[in-house]
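Given chain A, work out where chain B should sit, using these hints.
Quick note, the sequences are listed as chains A and B, same order.
Mapping of the first sequence onto the working numbering: residues 5 to 135, in sequence order.
Mapping of the second sequence onto the working numbering: residues 5 to 135, in sequence order.
Rather than coming from a laboratory, the hints here were simulated on the basis of the structure.
We treat Cβ as the ideally placed atom computed from N, Cα and C, and that holds for glycine.
Certain hints may be false.
Rough simulated footprint, nothing fancy, chain B against chain A, three-plus residues with beta-carbon under 8 Å [stated by the list, open to error]:
1. 12-22
2. 68-76
3. 103-115
Simulated DEER-style distance windows between Cβ atoms [claimed, not checked]:
4. A/W116 to B/E75: 18 to 24 Å
5. A/Q33 to B/S22: 14 to 20 Å
6. B/Y55 to A/K14: 28 to 34 Å
7. A/A90 to B/Y55: 48 to 54 Å
8. B/R100 to A/S119: 48 to 54 Å
9. B/E94 to A/S22: 27 to 33 Å
10. B/T89 to A/I16: 23 to 29 Å
2 protein chains.
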Amino acid sequence: MAQNEPMPLKIILRMDFSPGDRLGRGKIQLLELIRETGSISAAGRAMDMSYRRAWLLVDALNHMFDAPAVERQRGGKQGGGAQVTAFGEELIARFRSMQQKAEAAMSDDLDWLLSHKTVPESGAAKQTSST
Amino acid sequence: MAQNEPMPLKIILRMDFSPGDRLGRGKIQLLELIRETGSISAAGRAMDMSYRRAWLLVDALNHMFDAPAVERQRGGKQGGGAQVTAFGEELIARFRSMQQKAEAAMSDDLDWLLSHKTVPESGAAKQTSST
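This is chain A alone, in the form it adopts within the complex:
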């Protein structure tokens, strides 16, 4: 697969800690949006989730590791903003890098899968070309 083509297949990665805690693209994307918007509610809105759900995800993240990922600032004009901590920044960077490393490690197998993939919703059982 050429490196400059968009990947026709997305790799979804999730870490399930024992017991209970989960870390996946949802929480990481929320962190990235908090960094971008400076606000938990704006970040939640950008992901079509309620403020309560966004807050619960941030709260879960903040208790998952030995350092918080988001700091809330109370008061001020907007009723307080939020910012990603240094630990949160490392979490984002590590997760994105893990995703890339995993995809690179599986590259041959992903090519194999794509070479056998059919086009869904198509009458033809075989596609003419792939990868």
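Just chain B now, with coordinates in the frame of chain A:
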């Protein structure tokens, strides 16, 4: 992390093909159970799913690639069994190997995550040792 210790964190891997088709541990585990039991319904039962759901997953798998992963045998005493095809075997082997390759590639980051992980449901904010 020592290689002989059980991983205190599970990596969940899923492939989302564009558009629509998904391949993850559910379908792969079902394939492995069909190989073991020779039956779609027995495999489904072992995963606590209805025959209908198991059948739909097998049907989705069989249309996802240019070769079927499961062949059904009609008739016979038990009303017909099912067996994993050579393509299905390769799918299982590839998926399991992808999982291992991805975990190996992310090993340093997983160690980092675990070194910062707190124990959930515990009053203490820090755990005494990890990894």
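Status of the hints after comparison with the structure:
no.	hint	verdict
1	12-22	holds (count 11)
2	68-76	holds (count 4)
3	103-115	holds (count 7)
4	A/W116 to B/E75: 18 to 24 Å	21 Å, holds
5	A/Q33 to B/S22: 14 to 20 Å	19 Å, holds
6	B/Y55 to A/K14: 28 to 34 Å	30 Å, holds
7	A/A90 to B/Y55: 48 to 54 Å	52 Å, holds
8	B/R100 to A/S119: 48 to 54 Å	19 Å, violated
9	B/E94 to A/S22: 27 to 33 Å	31 Å, holds
10	B/T89 to A/I16: 23 to 29 Å	26 Å, holds
Figure legend: structure checked against the earlier numbered hints; the only hint not met is number 8.
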